[in-house]
Amino acid sequence: EAQVTQNPRYLITVTGKKLTVTCSQNMNHEYMSWYRQDPGLGLRQIYYSMNVEVTDKGDVPEGYKVSRKEKRNFPLILESPSPNQTSLYFCASSLRTGAEDTQYFGPGTRLTVL
Amino acid sequence: AQSVAQPEDQVNVAEGNPLTVKCTYSVSGNPYLFWYVQYPNRGLQFLLKYITGDNLVKGSYGFEAEFNKSQTSFHLKKPSALVSDSALYFCAVRRALSGYSTLTFGKGTMLLVSP
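For the protein sequence lines, the chains are A and B, in the order given. Taken in order, the first sequence gives residues 1 to 114; the numbers are from our numbering. Taken in order, the second sequence gives residues 1001 to 1115; the numbers are from our numbering.
Just so you know, the hints here were simulated from the structure itself, not pulled from any lab data. Fair warning: there could be bad hints in the mix.
To list a few chain B residues with every Cβ distance to chain A over 10 angstroms, as calculated [said to hold, decoys possible]:
1. Pro1007
2. Glu1008
3. Val1011
4. Glu1015
5. Gly1016
6. Asn1041
7. Gly1043
8. Lys1049
9. Ser1073
10. Lys1077
11. Ser1080
12. Phe1090
13. Ser1098
Here are some of the chain B residues that sit facing chain A, going by a computed Cβ distance under 10 angstroms [to be verified]:
14. Gln1006
15. Gln1010
16. Asn1012
17. Val1013
18. Tyr1036
19. Leu1056
20. Lys1058
21. Ala1092
22. Arg1094
23. Ala1096
24. Gly1099
25. Tyr1100
26. Ser1101
27. Thr1104
28. Gly1108
29. Leu1112
Bear in mind that the values here come from a model prediction, so they are computed numbers and not experimental data. From the three backbone atoms N, C-alpha and C, an ideal C-beta is built for every residue, glycine too.
Working from the sequences, and respecting the hints, build out all of it.
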């Protein structure tokens, strides 16, 4: 089944403890992206990747890192999480990087930072 | 900067009645427009998109949306609502380019369909 998977789905952690949220797609998509969803703010883009080893900042990149060493994987790294990073995170991918391409989303990761 | 406005936080409709979820946008040049739906504890699912051509776009689950360039709107519609349509709906816009452009989302509208 074609899909975007994320792990873990739920995570509770403490301030300052490094964590990684994994994202993987099995559709050979070029483009991948991370968003955070907060009530009343919709989805905001954190980082995106146009292809392997090509990443760029979105609207809210502070406090996050990403890497794209393989086409299928795009992990999101929080090196020193803070409570304001408590949010619902979504990974998305699309076949190509064009503006008309539809992005397909993973199931989400709910992160709580205490 | 581009933006999307979904003026209603919540829309209530009775099952069997038509529904409309409103969306207006602001973007430089021509837009590409998208609707997504989010069911509880699920990711976003793609419903439909407008790229070019016919202003009335048909999508999944009986939904459709009408692109109105003069009013910069892209309202989501369905002729007869189902209780199972209750979910959070997001409108999104991208600047129409041959290459990459940022996808900007609205804040979302909660649709509640009562039996």
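Going through the hints against the structure:
1. Under the 10 angstroms C-beta cut-off, the non-interface status given to proline 1007 of chain B relative to chain A holds; the minimum distance is some 13 angstroms.
2. The Cβ of glutamate 1008 of chain B sits about 13 angstroms from the closest Cβ of chain A, beyond the 10 angstroms cut-off, so the non-interface label holds.
3. Distance to chain A confirms valine 1011 of chain B as a non-interface residue, since its nearest Cβ pair spans about 16 angstroms, more than 10 angstroms.
4. For glutamate 1015 of chain B, the condition that its CB be more than 10 angstroms from all CB atoms of chain A holds, with the nearest at approximately 27 angstroms.
5. For glycine 1016 of chain B, the non-interface assignment is confirmed: its Cβ lies about 30 angstroms from the closest Cβ of chain A, beyond the 10 angstroms cut-off.
6. With a least CB separation of 8 angstroms from chain A, asparagine 1041 of chain B falls inside the 10 angstroms interface cut-off, contrary to its annotation.
7. A beta-carbon of chain A comes within 10 angstroms of the beta-carbon of glycine 1043 of chain B; the shortest separation is about 4 angstroms.
8. Residue placement check: lysine 1049 of chain B does not keep its beta carbon more than 10 angstroms from all beta carbons of chain A (closest about 6 angstroms).
9. Residue-level check passed: serine 1073 of chain B sits 17 angstroms from the nearest beta carbon of chain A, beyond 10 angstroms.
10. Residue placement check: lysine 1077 of chain B keeps its beta carbon more than 10 angstroms from all beta carbons of chain A (closest about 20 angstroms).
11. For serine 1080 of chain B, the requirement that its beta carbon stay farther than 10 angstroms from each beta carbon of chain A is met, with the minimum near 26 angstroms.
12. The claim that phenylalanine 1090 of chain B lies off the interface is violated: its Cβ sits roughly 6 angstroms from the closest Cβ of chain A, which falls inside the 10 angstroms cut-off.
13. With 10 angstroms as the threshold on Cβ separation, the claim that serine 1098 of chain B sits away from chain A is violated: the shortest Cβ distance comes to roughly 7 angstroms.
14. Interface restraint check for glutamine 1006 of chain B: the shortest CB-CB distance to chain A comes to about 8 angstroms, inside 10 angstroms, so the restraint holds.
15. Because the smallest distance between the Cβ of glutamine 1010 of chain B and any Cβ of chain A comes to about 12 angstroms, over 10 angstroms, the interface hint for this residue is violated.
16. Of the supplied interface hints, the one on asparagine 1012 of chain B is violated, with its beta-carbon coming no nearer than about 19 angstroms to a beta-carbon of chain A, more than 10 angstroms.
17. Restraint check, valine 1013 of chain B versus chain A: the minimum CB separation of about 22 angstroms is more than 10 angstroms; hint violated.
18. Hint status for tyrosine 1036 of chain B: holds, given a least beta-carbon distance of 8 angstroms to chain A, under 10 angstroms.
19. Interface restraint check for leucine 1056 of chain B: the shortest CB-CB distance to chain A comes to about 18 angstroms, outside 10 angstroms, so the restraint is violated.
20. The beta carbon of lysine 1058 of chain B comes no nearer than 15 angstroms to any beta carbon in chain A, farther than 10 angstroms, and the hint placing it at the interface is violated.
21. Against a cut-off of 10 angstroms between C-beta atoms, the interface hint on alanine 1092 of chain B holds, since the closest Cβ of chain A lies about 8 angstroms away.
22. Because the closest C-beta pair between arginine 1094 of chain B and chain A is about 5 angstroms apart, less than 10 angstroms, the hint holds.
23. Restraint check, alanine 1096 of chain B versus chain A: the minimum CB separation of about 6 angstroms is within 10 angstroms; hint holds.
24. Hint status for glycine 1099 of chain B: holds, given a least beta-carbon distance of 6 angstroms to chain A, under 10 angstroms.
25. Restraint check, tyrosine 1100 of chain B versus chain A: the minimum CB separation of about 5 angstroms is within 10 angstroms; hint holds.
26. Given hint, serine 1101 of chain B at the interface with chain A, holds; its Cβ is 4 angstroms from that chain's nearest Cβ, closer than 10 angstroms.
27. Contact between threonine 1104 of chain B and chain A, as hinted, is supported at the beta carbon level, the nearest pair being about 8 angstroms apart and thus within 10 angstroms.
28. The interface hint given for glycine 1108 of chain B is met, as the beta carbon of that residue sits about 6 angstroms from the closest beta carbon of chain A, less than 10 angstroms.
29. For leucine 1112 of chain B, the shortest C-beta to C-beta distance to chain A is roughly 16 angstroms, which exceeds 10 angstroms, and the interface hint is violated.
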